[in-house]
Amino acid sequence: MAHLVEIRGLRVEAKTDSGRRIEIIRGVDLDVADGEILALIGESGSGKTTIALSLLGYTRAGCRIAGGSVTVDGRDMAALPEAERAALRGTMVAYIPQSAAAAFNPSRTVMEQVIEVARIHDLMPPDAARARAVELFRALALPEPETIGARYPHQVSGGQLQRLSAAMALIGAPKLVIFDEPTTALDVTTQIEVLRAFKAVMKESRAAGVYVSHDLAVVAQIADRIAVLKGGEVQEVGATGQILARPTHPYTRALLDAVEPSAGAARPAEAAGPGPLLEVTEVVAGYGRIGPDGMPLVPAIRRVSLTVERGRNLGIIGESGCGKSTLARVIAGILPPVSGRIALDGTPLAPAAAQRPRDALRRLQIVFQLADTALNPAKAVGEILGRPLTFYHGQRGRAREARIDRLLDMVRLPRALKTRLPGELSGGQKQRVNLARALAAEPELVICDEITSALDSVVAAAIIELLGELQRELGLSYIFISHDLAMVQSICDRIAVMVAGEKIEELAPGDFGAPGTHPYSRLLHASMPKLDPGWLDGLGRDAAVEWPVRAGAAS
Amino acid sequence: MAATLRSRLRLGYALNPVGVVGFCIVAFWAVMALAAPLIAPHPVGEIVDFDYFGPMTREFWLGTDYLGRDMLSRILMGARYTVGISLAAVALACFTGVTLGMTAAVTGGWFDTVLSRFLDALNSIPSKLFGLVVVAGIGSSIPVLIATLAVIYTPGAYRFARALAVNVNTMDFVTVARVRGEGTGHIIGSEILPNIIGPVLADLGLRFVFVVLLLSGLSFLGLGVQPPDADWGAMVRENIGGLPFGAPAVVVPSLAIASLTISVNMLIDNLPRRIRDRSA
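From first to last, the protein sequence lines stand for chains L and S.
Going by our numbering, the first sequence opens with residue 248, and the numbers climb by one from there.
Going by our numbering, the second sequence opens with residue 111, and the numbers climb by one from there.
Derived by calculation from the structure, the hints in this document are not laboratory data.
Misleading hints may appear alongside valid ones.
[To be verified] Simulated coverage check for chain S against chain L, where a stretch passes if three residues somewhere in it have a Cβ under 8 Å from a Cβ of chain L:
hint, segment
1, 169-176
2, 271-284
3, 290-296
We put the CB at the ideal spot given by N, CA and C, even for glycine.
Using the sequences and the hints, build the whole thing.
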């Protein structure tokens, strides 16, 4: 019997702005059987999304399908006229985008948008579509399925919105659903709920799926088979269990290694200095007017204290909105605290960066999450790295050039990148430049704010390794902020857990999941995706996953 | 010059033919303005023909005006006023507006509020009326014209630059610069300006066109460049009586204004684009 999806010799070309043609997909063959979920996994730029989109007969602007066929249920999506493709989209093949927040129209209710597919294709009367949508909401374990449709996209959470976009995709009863990294932007705790809902609803609808991701552990939970892509070619295809247990391709092995970073690379037991390097005491920060009780209108940080020893690393972990990034900004002086005390090496720091002496600013550097916005897109890498050298150390001319070269060596980038603009670098390279700029100041403490969250697992693992090497070479201390417990555990000596602006506890990396710790820490530990394909199903429904996070804030 | 242009192209800039045409026309008028005294066949004020509104002849390429003066010479000399005054005014307006706009966006607070309200108030005065009042009050001279036009177009440039800079100001790299301890000068000049320069140049070109048109308008009303000198707008006005005869004296300056303004727009909409793919 023919497979539902048969991709044969697919080639996709892109045209660059100089008119040169590049083949971004080079002869890919893939099959998806009825009801099967195939995962496409690979680093960014490996062509996984391009292949997934070709199943809709769609290519992104500037690209075109140059050869091969994409047969879905007997029809070649690559050759059909646009009108027929449009008729199949939503009814035969449906698409769930990475960012549901960007995919919903903020000015219309969720229900209107979910049933839009039925309306466009004239599948069923609006009332029937609404009833069907409510059924889907229930199947996707959304709260208040009867009324959630009346809300606007900003009135539901990110995880709920992602599930609503699944409802939107499934309402036309498609035979094939494409998931384009649907959980990448979510917290681990939310990711579990979404994955579980996807898995249940896919099983029920018996639709086939193509799941695009760079996270092998996530894919292991949902896919029947995995195709590993690199450079627009399929490297390895196999059943999930086989790929996880017996990877044959080196790239697959690198992916597997990246999921479980080597815990705690041995750090030199350097004699801790006389006092702590950074001491944060009872810091309160937030937004809006300050009330009579000394708390701002919208508090983001509530009386948090922490210390960082010289040469040691502190991890701060928590879900988005818990205040961990705000804490980083408070320490760096970007958001002056309302009250509390921050001391660097025993010397109190002024609340705002503008009032701090230049030397204090130099010793404490912050590296932001998104290298795309943290690097000035109009300046060449050499200029970006050179400015702190001139600013803090007064270096100019040849000395400065030599130092820039050394910095690039330090972060393992070729020196030729000096003349490139950030837009011409890959995500991992940008993050290295971002890090090198902080190192240019010769800091003692580097605050890393989610610096690996936007990166592929393999690239992120390489960055983490680099941080460890730099620490050994330069004797740095890091504050490492993340929602990825595995990452934090692999590099930090102490880990602070934050919930709703409060630090609920501080643990050693090995103590996570131990009895007697806070339920939220245990939840975080339990939410870390494991490579074991049975992990998600094995998680008890009650395994503290429903632990009400906000209840902690109310107390 | 040509060699550097070509090597820059090889370094990776994509040109658009429309932009090239625009550039050629703008360059043509710039050269004409610079070389006018050398190539103009007659002095501006000299009456060279007994006939008025003369047709295009071998002797007078663009005909003669309402007093029998050579139109070619007058167009060439008029280019100096139209291009020169407009360029000076627009440069002044954009420099002031963009600098203030970026500073306001970066500084924020009361500085931003006070400056914005003040310039909004200035913006609410109709531009032609403002020009009329100032020129009527102080009298018309080239510095007064330049200053008036600059003041009229500063609030727009300010608003435009501020709107762009506010967006860039929220980017992390500006925060990084601030945490590094950089002053406002570095932040606006080195971090923000390079990221808004494209739209700012486009705005500058557009504003140049407005200034040319307003200057022509003022001259048309007799408040611009004073006789016997004339910019193109003044030439349209003084020769308006030739319109029924289809005299070149009224058509040619109109065409000159149109060709300059349209080509400037063609140029700024099609500035050379940097090619990101260097491996070609």
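Hint check:
1. Counting residues of the segment 169-176 of chain S whose beta-carbon sits less than 8 Å from any beta-carbon of chain L gives 0, not enough to reach three: the coverage restraint is violated.
2. Closer than 8 Å: that is the beta-carbon criterion, and the segment 271-284 of chain S has 3 residues meeting it against chain L, so the requirement of 3 holds.
3. Counting residues of the segment 290-296 of chain S whose CB lies closer than 8 Å to any CB of chain L gives 3, so the stated coverage by that chain holds, three being the minimum.
Violated hints amount to a single one, hint 1; each of the other numbered hints is respected by the structure.
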